[in-house]
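If you want the building blocks of each chain, they are given just below.
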Amino acid sequence: MSFKKRKSRKLKEILIEKFFFLNGVLAILILLGIFSLLFVKGFPAIRELGLKSFFGSAVWNPNAYGTPKYGILSLIVSTLMVTVGALVIAVPLGVACAAFLSELAPPRLREILKPAVEILAGIPSVVVGFLGIVLVNPLISKLFGISHGLNALNGAILLAVMSLPTIISLSEDALSAVPHTYREASLALGANRWQTLVRVLIPSGLSGIIASVMLGMGRAIGETMTVLMATGNAPALTFNFLEAIQTMTATIAIELGEVPYNTTHYHALFVIGFVLFVMTFLVNLISDLILQKYQEVER
Amino acid sequence: MKKVKSYGKVVLVVMVIGLVLGAVIQVQAQNMIQVKGSDSEVNLVQRLSEVFMKKNPGVNIAVTGGGSGTGIAALINKQTDIANSSRDLSSKEEESAKQKGVQPFRVVFATDGISVIVHPENPVQKLTLEQLGKIFKGEITDWKEVGGKGGKISLYGRQSNSGTFVFFREFVVKADYSPHMKSMNGNAQIAEGIKKDREGIGYVAVGYVVDQKGEVMSGIKIINVSKEGQSEAFSPANMDNVMSGKYPISRPLNQYLNGKPTAKLLDFIKFQISEEGQKIVRQEGFFPVQKDWMEFNRKQGL
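For the protein sequence lines, the chains are A and B, in the order given. If you use the numbering used here, the first sequence corresponds to residues 1 to 299, in order. If you use the numbering used here, the second sequence corresponds to residues 1001 to 1302, in order.
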């Protein structure tokens, strides 16, 4: 090989390497871009009103009859309520379903069930929201003897349905990936299948299961259309799952369409967006830390 | 040489086609009318535009909803020809219109009686304006306080981009709505919510719950409203009550344009307030323009 050829090949290598490096950096750049955009757009509202009027009050009423109020505590509480509610419903169901699929289901049944679960993920959120109005709404109202079912519980149930496919599918992958030798060793030591599942398989696949739960949680926090349709959108602060609530995402979706640009209200909506971003960021960070710690233990 | 000639022909043909297409597109753009805004008005204007388009082939009218606030914002940003609005322009909106060089031109094309609706099993028949205000403010929270069976009142309202939201607040509530009021996307959603909620109460445009003959949609009851405690209560389902002003919560349904309309736009506006247009208004459950407002339209040269 001539010197020239070798040189050009080296150049190519460097270029390709740089290209991939840029691709990696791009993700970080976009993240930083979104972060700074939200901050820059939201900052004028914080400067004008002070942090206290955002985080020290639970009254959100920017189009008030009197003075506008920008307290976002009730919105944060509402978002957390539907998210946590959704996880309480979806995690046990999802992990149990994953365990059934990977450990108990006959192969042919699994061939049908798993794609079916994954199709569930493709249902548009508008359709889920509609089901919330016409199906879950009267159901809740009958079950709890209240006059209507447009409340936090309705939102939590729908979000659980929406995050189930993610949780089931990824948890099943995690459980299936546990080496067969673990199973055999456990059974050989006299453990029954239940003990094997709970004491050996789930702990071994825990990193994948946690990742699936976090992804499901991410979807639940950010979901807009479904909660907008099903939770009634009453901005009062409440911890009661049977009352109407208004989440952060729903607030942004309802109000951003009509708000005049560069007004306090407009900037305040970006503050909500910023807080939402920080929340999802923290969820991911925490899940990452848990995963790392767990992997260290296994090693 | 021959080849060059045929190329020339091809080029010529292509140019002619391009010219014709361009002209057609331009004509179409001229005859395309964008209407945006009020959810209360959207079905009515859609119906009006359908009939108008049938009579005037070549004119295209696109009607979309989104709320009065959204429509007015679009007019100010010059993204729509007509803004449907079930409320007046606010002083803030007038100011920002001026800044953007938009001159709002108001047309009144129908009358609405905002209807207060409840579940048919609710025994309450009538309410005063004051009671309604207190209910939506959150000061009256139990049906027992207004002569009902008892049970927590469940409020259904609209989102802040709705003209009905603003009008009802200015005219009836005169304060902030209760934070427990559910904000629904449109009139139809409120009606659907009330149908399923025995303790619900909501406000909607009359055309959504009453038909031409004054018959109320099944699964819903309209509350009679009185101005004061002692005075008689009236229903908006009856046209005379609304037209004479006996029913207290009536309002003109507006459209705003940028300056006085011309050409097809003017034809469409004139059609809406013509006898034929007003008949369609009636068919959709709304009421014709009140005398004073018709006078207002005439004075503007319509």
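Hints listed in this document are in silico derivations from the structure and should not be mistaken for laboratory results. This one's a predicted model, so the numbers in the text were calculated from it and none came from an experiment. It cannot be assumed that every hint is accurate.
With a straight-line cut-off of 20 Å between C-alpha atoms, the simulated EDC-like cross-links for lysine to aspartate or glutamate are [unchecked claim]: (1) Lys1246/B <-> Glu1228/B; (2) Lys1195/B <-> Glu1215/B; (3) Lys1227/B <-> Glu1121/B; (4) Lys1264/B <-> Glu1275/B; (5) Lys1055/B <-> Glu1295/B; (6) Lys69/A <-> Glu1170/B; (7) Lys1174/B <-> Glu1139/B; (8) Lys69/A <-> Asp1176/B; (9) Lys142/A <-> Asp1211/B; (10) Lys1152/B <-> Glu1228/B; (11) Lys142/A <-> Glu1192/B; (12) Lys1092/B <-> Glu1170/B.
ask   = Does Lys142/A pair with Glu1192/B here, judged by a C-alpha cut-off of 20 Å?
value = Answer holds: Lys142/A to Glu1192/B is near 17 Å, not above 20 Å.
query = Lys69/A and Asp1176/B: Cα distance at most 20 Å?
reply = holds, 11 Å
query = Given the hint that Lys1055/B pairs with Glu1295/B, does the C-alpha gap stay at or below 20 Å?
reply = violated, 27 Å
inquiry  = Next pair to validate is Lys1195/B with Glu1215/B; report whether the Cα-Cα distance is within 20 Å.
reply    = Holds, at roughly 16 Å.
query = Is Lys69/A close enough to Glu1170/B, meaning Cα to Cα at most 20 Å?
reply = Holds, because 18 Å separates the two Cα atoms, which is no more than 20 Å.
ask   = Does Lys1174/B pair with Glu1139/B here, judged by a C-alpha cut-off of 20 Å?
value = holds, 13 Å
Straight-line alpha-carbon gap Lys1227/B to Glu1121/B, limit 20 Å = Answer violated: Lys1227/B to Glu1121/B is near 24 Å, above 20 Å.
ask   = Hey, Lys1092/B versus Glu1170/B, does the alpha-carbon distance stay inside 20 Å?
value = holds, 16 Å
ask   = Has the given pair, Lys1264/B with Glu1275/B, been kept, meaning a C-alpha gap of at most 20 Å?
value = holds, 18 Å
ask   = CA of Lys142/A to CA of Asp1211/B, is that 20 Å or under?
value = violated, 31 Å
request  = Quickly compare the C-alpha distance for Lys1246/B and Glu1228/B to 20 Å and report which way the hint goes.
outcome  = holds, 12 Å
key: Hint consistency between Lys1152/B and Glu1228/B [alpha-carbon to alpha-carbon, up to 20 Å]   = violated, 24 Å
When held up to the earlier numbered hints, the structure conflicts with 3, 5, 9 and 10 and fits the remainder.
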